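From first to last, the protein sequence lines are chains A and B.
Residue numbers for the first sequence follow this note's numbering, beginning at 1 and rising by one.
Residue numbers for the second sequence follow this note's numbering, beginning at 1 and rising by one.
Hints in this document: simulated from the structure, not taken from any laboratory.
In this text, all values refer to a predicted model and were calculated from it rather than measured experimentally.
Among the hints, erroneous ones may be present.
[Stated by the list, open to error] Okay, the calculated beta carbon distance ranges per label pair:
id	chain 1	residue 1	chain 2	residue 2	range
1	A	Glu80	B	Asn124	25 to 31 Å
2	A	Asn15	B	Asn124	20 to 26 Å
3	B	Asn140	A	Asp19	23 to 29 Å
4	B	Thr168	A	Asp19	39 to 45 Å
5	B	Thr127	A	Ser74	21 to 27 Å
6	A	Asn34	B	Lys97	42 to 48 Å
7	B	Arg147	A	Asp19	27 to 33 Å
8	B	Thr5	A	Ile73	31 to 37 Å
9	B	Thr69	A	Arg72	34 to 40 Å
10	B	Gly184	A	His88	37 to 43 Å
11	A	Ala58	B	Gly137	41 to 47 Å
12	B	Thr69	A	Asn15	55 to 61 Å
Positions of the beta carbon are idealized from the N, C-alpha and C atoms, including for glycine.
There are 2 protein chains.
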Amino acid sequence: MSVKTVCVFCGSTPNVHQDYFDHAIELGKALAANEIHLVYGGGVKGLMGALAQATYEAGGRVTGIIPETLYRISQQSVGELVIVKDMHSRKALMNEKSDAFIALPGGFGTLEELLEVTTWSQLNIHTKPIVCLNTRGYWNGLLDLVRNCVQEGFITQKNEGIIVAAETVPALLQALEKYEPPEGRYGK
Amino acid sequence: MSVKTVCVFCGSTPNVHQDYFDHAIELGKALAANEIHLVYGGGVKGLMGALAQATYEAGGRVTGIIPETLYRISQQSVGELVIVKDMHSRKALMNEKSDAFIALPGGFGTLEELLEVTTWSQLNIHTKPIVCLNTRGYWNGLLDLVRNCVQEGFITQKNEGIIVAAETVPALLQALEKYEPPEGRYGK
Ligand SMILES: [Mg+2]
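This is chain A alone, in the form it adopts within the complex:
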């Protein structure tokens, strides 16, 4: 597999459907089995924690990147931990270290992280794969929203393909491998 390090964005709220946890754990095991290094937000709660723990316990490499202020609250970690000065440094480092992005379900923060790397791809700052794991159809709303943006002329038809959705973990790993950044991005 040519993807060596993935950055995963996901929620950290604890009380969510078991299907989300099952998928996060399955992904963690699959990353370890495929020797893909996990870079993530460094939390120990919710899907973030489940994913990191599953990867680590299956023998995978895990690096959490967390801002000082958030680390002071929990003081817990899984695998390697990098403590950075703020949210901006966290994102910069998460992006720098990884060669693909995965979004599991999450809240406003996850949505923003996903759309930020999407915007950067559109601006041709990177050409890395961006794949959402569509557990319980969680990302259907985003896919509908983007489709409407395209229909209304605010996003080009080709750029709709910057974000790819996968229904299962095996499909997600395949999508990472066969990902082609759309043509027609900025400056192309």
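Chain A is already provided as a structure; the job is to place chain B with the ligand on it using the hints.
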């Protein structure tokens, strides 16, 4: 009106429905009439350009904040222009200067900007109003997406209220005035 400066996020693609332009122009005139200073991304195309031009022509104050690389491409501007070194400095300055955020329709960049200030509100970094102008129901997809995030437990019920939608320009101005940041945000 207590809001003195608004930061408006919106698209800059030219070929979109006239309704979007009409709303952008109506907003620009309303900002000028209410002596609200417009801070925006500094472009001259699409809704960005229409909004800035309408505000400026109606006697309003307009400040565009644009990264060097983008300015070099168009070399045009409306009102005052601040040229900054990169996208990050642009966002930081746009946020610093304004006391409310408005989103008109736009693409990935607009979505990301909107979700970034929403995430910052959730983290209690600011308590500024965030209002979307829902021309042609453009933001319905986002509102549905957020509602599903709440239902599935990734966003709290109260935090759904961080983003407010308005169907008309007068309703938007009212929403800015009566906005209450939800309780239960981070650290609250
Ligand atoms: Mg951002």
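Hints and how they fare:
Between Glu80 of chain A and Asn124 of chain B, the C-beta spacing of about 29 Å keeps the proposed range 25 to 31 Å intact. For the pair Asn15 of chain A and Asn124 of chain B, the supplied restraint of 20 to 26 Å holds, since their beta-carbon distance comes to about 21 Å. Between Asn140 of chain B and Asp19 of chain A the CB atoms are about 26 Å apart, so this pair conforms to the stated range of 23 to 29 Å. Separated by about 40 Å at the C-beta atoms, Thr168 of chain B and Asp19 of chain A satisfy the suggested range of 39 to 45 Å.
Between Thr127 of chain B and Ser74 of chain A the beta carbons are some 25 Å apart, a value that agrees with the proposed interval 21 to 27 Å. Under the hint 42 to 48 Å, the C-beta atoms of Asn34 of chain A and Lys97 of chain B, about 46 Å apart, fit the expected range. Look at Arg147 of chain B against Asp19 of chain A: about 19 Å separates their beta carbons, and that is not inside 27 to 33 Å. Between Thr5 of chain B and Ile73 of chain A the Cβ separation comes to about 33 Å, which falls inside the hinted range of 31 to 37 Å.
Range check, Thr69 of chain B to Arg72 of chain A: Cβ separation about 37 Å, and the 34 to 40 Å hint holds. Checked against the hint of 37 to 43 Å, the C-beta distance between Gly184 of chain B and His88 of chain A comes to roughly 25 Å, which is inconsistent with it. For Ala58 of chain A paired with Gly137 of chain B, a C-beta distance near 45 Å keeps the hint of 41 to 47 Å intact. Look at Thr69 of chain B against Asn15 of chain A: about 44 Å separates their beta carbons, and that is not inside 55 to 61 Å.
Consistency note: the structure conflicts with the earlier hints numbered 7, 10 and 12.
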